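**Student:** Be aware that the sequence shown starts at 19, since it is given in the numbering used here, and climbs by one per residue.
FYI, nobody ran anything at the bench for these hints, they're computed from the structure.
Honestly, I wouldn't trust all of these hints.
Using C-beta positions, here's what the derived DEER-type ranges look like [said to hold, decoys possible]:
(1) T33 with T67: 14 to 24 angstroms
(2) D101 with D36: 17 to 27 angstroms
(3) E116 with E38: 19 to 29 angstroms
(4) V86 with D114: 24 to 34 angstroms
(5) S40 with H85: 11 to 21 angstroms
(6) Y32 with E116: 30 to 40 angstroms
(7) D87 with E38: 17 to 27 angstroms
(8) R34 with T67: 29 to 39 angstroms
(9) Y32 with D65: 21 to 31 angstroms
(10) R42 with Y117: 16 to 26 angstroms
Derived pair list, reagent style EDC-like, types lysine to aspartate or glutamate, alpha-carbon separation capped at 20 angstroms [claimed, not checked]:
(11) K63 with D100
(12) K94 with E35
(13) K94 with D36
Only a predicted model underlies this, so the values are computations on that prediction, with no experimental measurement involved.
Yeah, the Cβ is synthetic: ideal placement off N, Cα and C, and Gly gets one too.
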Amino acid sequence: ANDRYIHLELCHEYTREDFEASYRNLVRRAAEYLYINQLGVTPAKPDRTGTLWGHYHVTMYWGGTNHVDPIGYLAKWGISWDDLVEDVAREYAAIDAEYGHKVR
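Using the sequences and the hints given, assemble the complete structure.
**Tutor:** Below is the structure:
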């Protein structure tokens with residue numbers, strides 16, 4: 019799968035400030051890659067569609083691995099997967115509003 023997808027890692031942080039900076043970077047980068055490729059932002063689904071996946075979703079919907087991150091790590095900081103999807107979608111819309119005319 020590594021040659022077919024864009025992979026982003028969320029570093030494990032130990033302070034709220036560092037987590038928030040890392041999380042903002044993840045959200046921005048995910049939105050940028052999805053926007054550049056005009057994929058939109060949709061969560062992973064059991065029918066194997068969607069444009070935003072975590073290891074958890076690969077484990078649940080494709081198999082071949084037992085990883086469940088980043089669900090637990092995000093929860094430690096009060097963030098759900100749905101929150102992440104919403105944040106990426108919001109950032110995607112902001113990119114479109116600012117740069118859409120230059121990308122299309």
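**Student:** Of all the hints given earlier, name the ones this structure violates by number, lowest first.
**Tutor:** The structure breaks hints 1 and 9; every other hint is satisfied.
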